[in-house]
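Participant: The letter at position 16 of the sequence shown is residue 16 when you use full-length UniProt numbering, and the numbering goes up by one with no holes.
If you are wondering where the hints come from, they were derived from the structure by calculation, not from laboratory data. Source: prediction; values computed, not measured. Think of the CB as a built atom: it goes at the ideal place given N, C-alpha and C, for glycine as much as any other residue. Take these hints with a grain of salt, some might be off.
[Claimed, not checked] Label pairs and their computed distance ranges (CB to CB):
#1 R67 / R103: 52 to 60 Å
#2 D18 / R53: 50 to 58 Å
#3 T89 / E50: 51 to 59 Å
#4 D72 / Q38: 49 to 57 Å
#5 R101 / K68: 45 to 53 Å
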Amino acid sequence: MKNYRSNNTTIGHHLLNDMIILIHKLVMADIYTEIERQRVRERERNREREREREREGKRERDRNRERKNERDREREREKERERERETETERERMRETERERERK
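Build out the structure end to end from the sequences listed, making use of the hints.
Facilitator: In structure tokens form, the structure reads like this:
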């Protein structure tokens, strides 16, 4: 505490002034604390949004990979069907050739 003169009025004014300063410091500290809390919450929201973007990106890459794999499988099935058709065509030719031989 400061040294106050003996005049009660002056002492009262000094005490009142000290209380106002203390209250102001408390209020400002509370305001700064709340501002910091808001900053922390905003950083956490930003981190969560970034994690969600990363998860969505991963899901999109997974979907794209699955679509590509499905196209590759379909292409392979189509190639297999084409080979079977060619094999069947070749068998038919052989049968036809065999029939021609039998006729002669």
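Participant: If a hint holds in the structure, say so; if it doesn't, say that too.
Facilitator: Hint-by-hint comparison with the structure:
no., hint, in the structure
1, R67 / R103: 52 to 60 Å, "53 Å, holds"
2, D18 / R53: 50 to 58 Å, "52 Å, holds"
3, T89 / E50: 51 to 59 Å, "58 Å, holds"
4, D72 / Q38: 49 to 57 Å, "50 Å, holds"
5, R101 / K68: 45 to 53 Å, "49 Å, holds"
The structure agrees with every numbered hint stated previously.
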